[in-house]
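In order, the protein sequence lines correspond to chains W and H.
Everything in the first sequence is counted per my numbering, starting at 463 for the first residue and increasing by one.
Everything in the second sequence is counted per my numbering, starting at 5 for the first residue and increasing by one.
It should be emphasised that the hints constitute simulated quantities derived from the structure, not laboratory data.
Treat each hint with caution, since some may be false.
[To be verified] Below are the DSS-like pairs computed for lysine-lysine, each with C-alpha atoms no more than 30 angstroms apart in a straight line:
#, chain 1, residue 1, chain 2, residue 2
1, H, Lys50, W, Lys520
2, W, Lys520, H, Lys58
3, H, Lys50, W, Lys538
4, H, Lys71, H, Lys50
5, W, Lys520, H, Lys71
6, W, Lys538, W, Lys527
7, H, Lys50, H, Lys110
8, W, Lys520, W, Lys538
9, H, Lys50, W, Lys527
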Amino acid sequence: EVDLVESGGDLVQPGGSLRLSCAASGFIFGNYWMSWVRQPPGRGLEWVANIRHDGGEKYYVDSVKGRFTISRDNAKNSLHLQMNSLRVEDTAVYYCGQGGDYDSPVDSWGQGTLVTVSS
Amino acid sequence: QSVLTQPPSVSAAPGQNVTISCSGSSSNIGNNYVSWYQQLPGTAPKLLIYDNHKRISGIPDRFSGSKSGTSATLGITGLQTGDEADYYCGTWDSSLSAGVFGGGTKLTVL
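The shape of chain W in the complex, shown without the other chains (with noise of 0.2 angstroms):
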């Protein structure tokens, strides 16, 4: 069974700098893209990013390019959010997901890890 776990989310003030994590399980790790996910308070979904499965392409939403990176451990089934130069625009939680490129889905989610950007 597939598991996502994320991690890292936390208050921060604008301008400031979060890291967030994803671990994965149940399902080869490295023969699958993955993504990222946001969904401001109350508000609906917002793609953000996602990386293939070597970590070979990347793409982002136009609001967090430049500050926001994708990355991935294939070696420790984990998948990563570094993301600078926060606004208050940012907050959501975030969710990893497995999958995710031009012509497939987001076929499993993480439960979730808050990110609140405010001074």
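Based on the hints, put chain H in the right spot on chain W.
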């Protein structure tokens, strides 16, 4: 403002049928597969439908998906109170080189 357009809410009585629309463009729905997700209150989203119309294992055939041109539709028949949730469509946008979701539709089973 979401790239994909969904109605904010739909409602119907138990046992009735509903459809939820998802409208996009040639750069997203028109040329890529559509998926549908269900988010029950207080929980993470769950994949229901992928490749426009294929149900995930374990999803009852009361749920169906279809696509025509630049629009997609999620259908739910024989509504149950347990179907009350937010529903999102999603796909890839080839022009943006990014994933996109609809704004979500809140289903109320009266």
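Evaluated hints:
Among the hinted pairs, Lys50/H with Lys520/W is consistent with the structure: their alpha-carbon atoms are about 23 angstroms apart, no more than 30 angstroms. Taking the CA atoms of Lys520/W and Lys58/H, the gap is about 27 angstroms. The hint holds against a cut of 30 angstroms. Our distance criterion of 30 angstroms between C-alpha atoms is met by Lys50/H and Lys538/W, whose separation comes to about 25 angstroms. For the given pair, Lys71/H sits about 20 angstroms from Lys50/H by alpha-carbon distance, which is consistent with the 30 angstroms threshold.
Between Lys520/W and Lys71/H the alpha-carbon distance is near 28 angstroms, which keeps this suggested pair within the 30 angstroms criterion. The hinted pair formed by Lys538/W and Lys527/W meets the criterion: a straight-line CA distance of about 26 angstroms does not exceed 30 angstroms. The straight-line distance between the Cα atoms of Lys50/H and Lys110/H is roughly 15 angstroms, inside the 30 angstroms bound, and the hint therefore holds. Only pairs whose Cα atoms come within 30 angstroms are accepted, and Lys520/W paired with Lys538/W is accepted, the gap being roughly 19 angstroms.
Only pairs whose Cα atoms come within 30 angstroms are accepted, and Lys50/H paired with Lys527/W is accepted, the gap being roughly 27 angstroms.
Hint compliance for this structure: no hint is broken.
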